[in-house]
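A.B. asks: Using the sequences and the hints given, assemble the complete structure.
For the protein sequence lines, the chains are A and B, in the order given. Using this note's numbering, you'd call the opening residue of the first sequence number 1 and step up by one each time. Using this note's numbering, you'd call the opening residue of the second sequence number 277 and step up by one each time.
If you're looking for bench data, these hints aren't it; they were derived computationally from the structure. The model shown is predicted, which means the values in this text are computed figures rather than measured ones. Some clues are possibly wrong.
[Stated by the list, open to error] Listed below are the simulated BS3-like cross-link pairs for lysine-lysine, each with C-alpha atoms no more than 30 angstroms apart in a straight line:
| # | chain 1 | residue 1 | chain 2 | residue 2 |
| --- | --- | --- | --- | --- |
| 1 | B | K328 | A | K172 |
| 2 | B | K495 | B | K549 |
| 3 | B | K305 | A | K140 |
| 4 | B | K305 | A | K172 |
| 5 | A | K139 | A | K57 |
| 6 | A | K143 | B | K305 |
| 7 | A | K143 | B | K328 |
| 8 | B | K328 | A | K140 |
| 9 | B | K442 | A | K62 |
| 10 | A | K7 | A | K20 |
| 11 | B | K328 | A | K139 |
| 12 | A | K62 | A | K139 |
| 13 | A | K142 | B | K328 |
| 14 | A | K139 | B | K376 |
| 15 | B | K586 | B | K527 |
| 16 | B | K499 | B | K549 |
| 17 | A | K58 | A | K143 |
| 18 | B | K549 | B | K442 |
| 19 | B | K305 | A | K142 |
| 20 | A | K57 | A | K234 |
| 21 | B | K376 | A | K172 |
| 22 | B | K442 | A | K139 |
| 23 | B | K549 | B | K468 |
| 24 | B | K376 | A | K96 |
| 25 | B | K328 | A | K234 |
| 26 | B | K442 | A | K143 |
| 27 | A | K20 | A | K62 |
| 28 | A | K62 | B | K376 |
| 29 | A | K276 | A | K7 |
| 30 | B | K557 | B | K525 |
| 31 | A | K140 | B | K442 |
| 32 | A | K276 | A | K9 |
| 33 | A | K100 | B | K376 |
| 34 | B | K376 | A | K140 |
| 35 | A | K142 | B | K442 |
| 36 | A | K139 | B | K305 |
| 37 | B | K586 | B | K522 |
| 38 | B | K596 | B | K549 |
| 39 | A | K7 | A | K55 |
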Amino acid sequence: MKKNFEKIKIIEDFALNIRKNILEMALAAGASSSHFGGALSITEIISVLFADQMKIKKDNPKHESRDRFILSKGHACLAYYAALSEVGYISKEELKTFEKDDSNLLGHPVINRDIGIDFSNGSLGMGLALGIGVALALKKRKKDINVYVVLGDGECNEGSVWEAAMAAPNFKLNNLYAIIDKNNFQQTGSNKDIMDNPNLKEKWSSFGWNTKEVDGHNINELLSFFEEGRTIDKPKALIANTIKGKGFSFSENNNDWHHSVLTKSLYEKGLQELIK
Amino acid sequence: MDINTRNIKVWSTIGSRATLGIAAVELAKEIDELMVLTCDVSTSAGLDRFRKTYPEKYLDLGIAEQNMIGVAAGLASENFNVVTTTFAPFQTMRCCEQIKVNLGYMSQKVCMVGIASGLALGTLGYTHCCIEDIGVLRSIPGIVIISPADSLETIKALNSAVRSSKPTYIRLTGGSNNPIVYDKDYNFEIGKSITLKEGEDVTIFASGASVFQSLEAAKILEKENLSCSVINMHTIKPLDTDAIKKACKSKLIATVEEHNIIGGLGSAVSEYKSTLSSSPKQVFFGINDTYSKGGNYKFLLNKHGLTAEKIVNDILINLKN
Numbered sequence: 001m002k003k004n005f006e007k008i009k010i011i012e013d014f015a016l017n018i019r020k021n022i023l024e025m026a027l028a029a030g031a032s033s034s035h036f037g038g039a040l041s042i043t044e045i046i047s048v049l050f051a052d053q054m055k056i057k058k059d060n061p062k063h064e065s066r067d068r069f070i071l072s073k074g075h076a077c078l079a080y081y082a083a084l085s086e087v088g089y090i091s092k093e094e095l096k097t098f099e100k101d102d103s104n105l106l107g108h109p110v111i112n113r114d115i116g117i118d119f120s121n122g123s124l125g126m127g128l129a130l131g132i133g134v135a136l137a138l139k140k141r142k143k144d145i146n147v148y149v150v151l152g153d154g155e156c157n158e159g160s161v162w163e164a165a166m167a168a169p170n171f172k173l174n175n176l177y178a179i180i181d182k183n184n185f186q187q188t189g190s191n192k193d194i195m196d197n198p199n200l201k202e203k204w205s206s207f208g209w210n211t212k213e214v215d216g217h218n219i220n221e222l223l224s225f226f227e228e229g230r231t232i233d234k235p236k237a238l239i240a241n242t243i244k245g246k247g248f249s250f251s252e253n254n255n256d257w258h259h260s261v262l263t264k265s266l267y268e269k270g271l272q273e274l275i276k
Numbered sequence: 277m278d279i280n281t282r283n284i285k286v287w288s289t290i291g292s293r294a295t296l297g298i299a300a301v302e303l304a305k306e307i308d309e310l311m312v313l314t315c316d317v318s319t320s321a322g323l324d325r326f327r328k329t330y331p332e333k334y335l336d337l338g339i340a341e342q343n344m345i346g347v348a349a350g351l352a353s354e355n356f357n358v359v360t361t362t363f364a365p366f367q368t369m370r371c372c373e374q375i376k377v378n379l380g381y382m383s384q385k386v387c388m389v390g391i392a393s394g395l396a397l398g399t400l401g402y403t404h405c406c407i408e409d410i411g412v413l414r415s416i417p418g419i420v421i422i423s424p425a426d427s428l429e430t431i432k433a434l435n436s437a438v439r440s441s442k443p444t445y446i447r448l449t450g451g452s453n454n455p456i457v458y459d460k461d462y463n464f465e466i467g468k469s470i471t472l473k474e475g476e477d478v479t480i481f482a483s484g485a486s487v488f489q490s491l492e493a494a495k496i497l498e499k500e501n502l503s504c505s506v507i508n509m510h511t512i513k514p515l516d517t518d519a520i521k522k523a524c525k526s527k528l529i530a531t532v533e534e535h536n537i538i539g540g541l542g543s544a545v546s547e548y549k550s551t552l553s554s555s556p557k558q559v560f561f562g563i564n565d566t567y568s569k570g571g572n573y574k575f576l577l578n579k580h581g582l583t584a585e586k587i588v589n590d591i592l593i594n595l596k597n
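C.D. replies: So, in structure tokens, the structure goes:
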């Protein structure tokens, strides 16, 4: 029990640091603005993965036994870069080059295995197919390595997501996890207003995935999904109910923060809210 | 593979698609982590024997080409040597952005084979004919494009592409009873064109099944006392620019392809030619930016001026004017 408490504390601290880093990068991006809301909604998901669930070697981002991570909703890369920094693959100084000329850290991830970015993403609907290929390769080599793909609920408008959703159970990929960040918004409005796509849990289940729905900011619930998943002989899908812009009063459930500029005063306000 | 007269005849009779399947079986013997992916077209792609012989190296993604390219890229990212294949329009345009991001932007090495490209499927209409694939893929940085002249060159192209480090598109044209251009073994190198016939007056650059028609055209032109070079430009990207530079000594350059005259071999040759201070006129043989009514292969070749006789006719007119 105590061990679990410590584990949760570590993940919470990791998530806190991610949010701090997101503030720093969003401020550094300045007028070029950043995808703020969708990064904050996946912060706990990313933290559970990078601080606890994923096998990674802190001294070698390319270690072949590492679990593989694919940010299919590539625009949420602020959280990804922040996590890679917490792990030690990206320096704090480099984080501040976010979206700057010639940076390694653009507004969507660009493959760069020296700093732990395994794939280029950003065009929605492509990550899960990649994940299937990777998971197949690892199974063919009989490696005990998992593949984690984070998708958006808006992204699930893309037909290619469902091509991949159909294929993974056919190939019995029990090493594949799809985490759907259900923050209920997409670029220009709510899912309901733009393209309502209800009953995601039933949809993924009916495609043959072992599916669970949890509070995507509840570390315990997230942990139990991944831990239970280890013994389930199917690909696993998680519908993670989240809040877009989670963590800051000005951005929570406010879709203006899908892609926006963080001013110095809001940065300071955000920092204060985190400390509290 | 055993390249002899008998086998060359067999491959020619069965056409490049069925030859592809034979080549894949042979490759699998040598390349341990080869994977062949397809989208419910195993029979059309000549893969039935491969599927039975190497079930562990074969993957059918169903009718879902976008997913096939993503899965192929995922396998490639773990260093599997992946070949994907389906009909050319679906192999290239249905999944074009997946090709751009995964194979172009991310440089994942996958070898794509577009079967029955060009006009071979004319009776099925232009959903299945493919006159746009080279143009579309040529605009994506980093992708090698090969259009083999006959069945033997299909084997050679596949072999070279699988062993290279670059993402590649192999465009198969022609039907069964694919005319033989190469009746014995020869040296094939990606990016290096092959001069099949030397001549001074006209240089014809051709790719795919149009190479044979161009050779026939050159024979007829010879009877008219015109000497013709015929160059098999099997690799359209990267382009063999030295061959084009050399061809500028001719009075006329012709490009022949079963592709839209916009975006294909003709465009590639003229793009380079326009950087030279002086170069001869170019005649573009291809589909003149239109979707015509369908019909059988020979009918369409004739309609679009891609038979030897039509090529001769147009070259003579252009030499006079």
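A.B. asks: State the violated hints by number, sorted upward, taking the hints as numbered earlier in the document.
C.D. replies: none
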